[in-house]
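Work out the full structure, taking the sequences as your base and the hints as a guide.
One-letter residues, chain by chain:
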Amino acid sequence: MIRIKLILLDEVLRRAIGEKEVTLDLPEEATVEDLLKRATVEYGSVVLEAASKPGTSILLNGQSIDFLGGLKARLSDGDRVAIIPLIVGGF
Amino acid sequence: MVRGYAGKVLRINLSKGSFSIEDLDMSLVRGLIGCLGVASKIMLEEVDPSVHPYSPENRLIFATGPLTGSTVPAGCKTAVISRSPLTGFWGEAIFSANCGIELKRAGYDMVIIEGRAEKPSYIWIHDGGVEIRDADGIWGMDTFTACKAIKGDLGEDAAVVSIGPAGERLVRMASIISDNGRAAGRCGLGAVMGSKNLKAIAAKGSGRVEVADPDLLSSLRGEIVEITKERMKPFTEYGTSRGVVAFEEMGNLPVKNWTKGRFPGAEKISGVRMAETILIDRRSCFACHVACGRYVRVSEGPYAPLEGYGPEYETIAALGSLCMNDNLEAIAKANDLCNRFGLDTISVGATIAFAMECYERGIITREDTGGIEIRWGDPEVIIRLVELIGRGEGFGAILGEGSMRAAKKIGKGAERYAMHVKGLEVPMHNPYRFKEMGLQYATSERGACHLRGLSMLPARGVLIPDIGLDKRLDGFTIEGKAHVVKIMQDACRVVDALGICKFVVFFGGVPLGKLADLYTAVTGWRTTLEDLMRAGERIWMLQRLFNVRMGARRADDTLPRRFLEEPMADGAAQGQVVELEPMLREYYAERGLDEDGKPKIEKLAELGLEFAIKYVV
Chain A
1 MIRIKLILLD EVLRRAIGEK EVTLDLPEEA TVEDLLKRAT VEYGSVVLEA
51 ASKPGTSILL NGQSIDFLGG LKARLSDGDR VAIIPLIVGG F
Chain B
1 MVRGYAGKVL RINLSKGSFS IEDLDMSLVR GLIGCLGVAS KIMLEEVDPS
51 VHPYSPENRL IFATGPLTGS TVPAGCKTAV ISRSPLTGFW GEAIFSANCG
101 IELKRAGYDM VIIEGRAEKP SYIWIHDGGV EIRDADGIWG MDTFTACKAI
151 KGDLGEDAAV VSIGPAGERL VRMASIISDN GRAAGRCGLG AVMGSKNLKA
201 IAAKGSGRVE VADPDLLSSL RGEIVEITKE RMKPFTEYGT SRGVVAFEEM
251 GNLPVKNWTK GRFPGAEKIS GVRMAETILI DRRSCFACHV ACGRYVRVSE
301 GPYAPLEGYG PEYETIAALG SLCMNDNLEA IAKANDLCNR FGLDTISVGA
351 TIAFAMECYE RGIITREDTG GIEIRWGDPE VIIRLVELIG RGEGFGAILG
401 EGSMRAAKKI GKGAERYAMH VKGLEVPMHN PYRFKEMGLQ YATSERGACH
451 LRGLSMLPAR GVLIPDIGLD KRLDGFTIEG KAHVVKIMQD ACRVVDALGI
501 CKFVVFFGGV PLGKLADLYT AVTGWRTTLE DLMRAGERIW MLQRLFNVRM
551 GARRADDTLP RRFLEEPMAD GAAQGQVVEL EPMLREYYAE RGLDEDGKPK
601 IEKLAELGLE FAIKYVV
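Chains as they are written, first to last, in our numbering: chain A, 1 to 91; chain B, 1 to 617.
Hints may contain errors.
Claimed, not checked - Restraint-style ranges between C-beta atoms, simulated for each label pair:
1. B:555 with A:48: 48 to 58 Å
2. A:67 with B:2: 41 to 51 Å
3. B:289 with A:71: 31 to 41 Å
What the hints assert, rightly or not - Derived, one-sided and incomplete: chain B residues facing chain A with beta-carbon distance under 10 Å:
4. 139
5. 140
6. 234
7. 235
8. 237
9. 247
10. 250
11. 267
12. 271
13. 428
14. 429
15. 433
16. 461
17. 462
18. 509
19. 513
Hints are computed from structural coordinates only; laboratory data are not their basis. Backbone N, C-alpha and C define an ideal beta-carbon position, used for all residues, glycine too.
Here is the structure:
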C-alpha cells in the first residue's frame, strides 16, 4: 500500500468534503487516475467534477501532471496531489 | 475625428510656478497607443544621464490611456513615470487612481511635471485651469489624511493622489497613494514627488471621455463582462491573495528571503482566511465589476483598532512568508502603515527579509540596528521597521535606501542576500519555479517586475491563444521561454498603454483581439491586434533605450546570485536554479538587441523608431 495526500485547493471541493486535505491509501503502482477514482468513491462526484473543470491544474508534488504522463502518472508513497482551480489568485 | 483622447498635454514647471498646454501629438499616439508610449519618447528626449532622479530637471509624468475613464470594464489605469531613485533607470508605477480619470475629464491626457517648488505645494487641475497651491498645512500628514484635507478644501468630488512622510523624506521606496486606496508603489516615485516639494495632485473635470462608436463599445462591454464574470468570481470573493496556499503548494510562494519553498503558515495568511476573519468589504476600481480590492477591520488584539484598505497578494507574501511572518492582522497593520507613510510594500517587505537574513548570519547585530533583534517572523519587528523606514529614522534610514544600497552600506558580504534586479526588489513570484519569471525579472525595464510580462501564466494554465500561447507550458524548463517573455512583455505594454486592468484582461480570459476592437470602438481608428502588439513592442523598445541611455548594459540584465547558484532547499522547486544565460542569449536575438543589450539600429528602423537611432550610436 502507498499513502497519498490529496490537497484540495478548490473552495467548492473544500466545502463539500469539509477538509483542506485528505489522506488516502492506495495499492502500489496506483496512478493519479486511481487516486481520483478512490476519492470520488469516498467523497462523491464533486471530486471528479472539480478535477475535470477546464483549466484545473492537477499537481503531483507541485508539478503539473501534464508533464508527468497525465492521469496515468504513477504515484509513490508519500506523494502529494493537489487540485487547483484555473483562477487561483493574482499577482 | 479621433476620440478617446482629451487631446491635450499639461506641462507644469514647479520652479517657475507656471504651466503650458500642448497638443497631444496624434501622429505619435497612433503608433504608441497612448500616453505611456508618448511619455517614453519624452523621457528619452528630455532626461539625459546627468539628470539625477531628485534634480528639478527630472520629469514626473502622469499618463493615461485611451481607455482610461471610458466605460470599458476596468478602464481605470494611470501610469506614473520618472527616472527612478531606486534604480537610476526607467521608473514606472501604474495604479487605478480616480485622479487620472478626473485629469482626463478636465481635458488632459497627460501631465508632465518638471522643476521644484520653492515650498511644499500641491497641484489642483480643474476645468477652469491649473493652480499650484500651498501645501504647508498638509506637509507631514499621512497620505489618507492629506487626501482628506485636500478634499476638505476643494470638495469631496476632487480626486487626489498624495505622498506621505516617506516621500517627503526622499525614502527611495516611497510610493504615491490615491484617495481610493490604490498605490503607485514601485520604483520610489513618491520620493521624486517629494524632491519636487510636491505633496499631492488633485483633479476634477466635468467633461467625459468621448467615444467614436458608443454602440459598438456598449456591445463589447457586455461581452467582456459576460466573458470574465464567472472566471473573476474568486478574485471578488477572496481577492488577489487567494493564491497563497496554492502558490505554496506549486513552489511559487517566496519564503525566508527566497531560501525556502515550504511555509507552514500559508493558510493563516491566505485570502480565504482574510475573508473569514478581518474582511469587511470589497472595493472596486472605476468601471470594474470585479472588486478584488479588500477592506479590513481589526477590532481587538495588539493591532487594533485598524480599519482600511487590506493587503494584496504581493504585500501578504512580502510582509508575510518572505519574512516568515504568519500573522495576518500584523500584515494588515504593516500594510496600513506602508499606505499611510507612502511606502512600497514589496520593497519594504523584501528589504526587511534581507535584514532578517543579515541578522541571522551575524552580518548585522543589535549594535547596528539600534537594539532591535531582527528575528525571522517577529511581527512586532516588522511593524517597528516599517515605522522606522517611513520616518527615515535609525536603522530604518539605511533600509529605506533599498536593499541594494543598504547591502553596500552594511558590507561584510551582505550584497549576497539583497534580492533585487537593477536595484528594485524582487516581487513575489518564484523564478526557481517558473524560469520564465527569472528572465522577465532580469529584462524588465524597471528592474525586477512581475507585472511587465505575467509570463508565468501559460505555465499556470492561463492560456492566451491570440498570441500563440495556446497550451500549458512547463515552468521548470527554459526552452522557448525567451519568446514567451518577449511576447508577454509586449502584450502587457499594450494593456498598460490602453489604460485597462491586466487582471481583468488576462485572468478574466478576454481574447486579446477584443482589445483591438475596444481600441477601434473608442478611438475610431481601425486597429488589429497585430497593430497593437507592434505598438507594445515599440513602447518596450523606447524604454529599453532610455535605460541604455542611462548606462544599462547586459551586465544589468541579471538576477541575484542566489537564484543562479543556490538550489532551492525544499518544496516543489527543490533543487532548482535559474539557468538565465541561455534564455538571455535567445531573448536578445528575439528582441533585436546586440550582445551588449543595446537595440540594433536595424531593429529600431524596422519598428519605425528612426528618431531614436541617435541614442544608440
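Check: Does the nearest C-beta of chain A fall within a distance shorter than 10 Å of the C-beta of residue 428 (chain B)?
Finding: Since the shortest Cβ distance to chain A is 8 Å, the answer is holds.
Check: Hey, does the residue 247 (chain B) contact hint survive, CB to chain A under 10 Å?
Finding: 7 Å, holds
Note to self: Using the nearest Cβ pair, does residue 237 (chain B) come within less than 10 Å of chain A?
What the structure shows: 8 Å, holds
Margin query: Hint validation: residue 513 (chain B) versus chain A, beta carbon distance must be below 10 Å. Holds or violated?
Written below: This interface hint is violated because 20 Å lies over the 10 Å limit.
Notebook entry, point to check: Given residue 235 (chain B) was flagged as interface, is its beta-carbon under 10 Å from a beta-carbon of chain A?
Noted result: Because about 6 Å separates residue 235 (chain B) from the closest Cβ in chain A, which is inside the 10 Å limit, the hint holds.
Note to self: Is the interface hint satisfied for residue 234 (chain B)? The criterion is a beta-carbon contact with chain A at less than 10 Å.
What the structure shows: 5 Å, holds
Note to self: So, as I understand it, the hint says residue 461 (chain B) touches chain A; can you test that by seeing if any CB pair is closer than 10 Å?
What the structure shows: 5 Å, holds
Check: Regarding residue 67 (chain A) and residue 2 (chain B), is the given constraint of 41 to 51 Å on their beta-carbon distance met?
Finding: Holds, at about 47 Å.
Check: When the nearest CB of chain A is found for residue 429 (chain B), is that gap smaller than 10 Å?
Finding: 7 Å, holds
Checklist line | Restraint outcome when residue 433 (chain B) is required to lie within 10 Å of chain A by C-beta distance | finding: Hint on residue 433 (chain B): holds, closest Cβ of chain A at ~8 Å, below 10 Å.
Margin query: Quick check on residue 139 (chain B) please, does its C-beta sit within 10 Å of some C-beta on chain A?
Written below: Violated, about 34 Å.
Next item on the list: Would you settle whether the hint for residue 267 (chain B) is holds or violated, based on the nearest Cβ-Cβ distance to chain A being less than 10 Å?
Entry: With Cβ-Cβ at 7 Å, under 10 Å, it holds.
Hint compliance for this structure: hints 4, 5, 19 are not met, and every other hint is.
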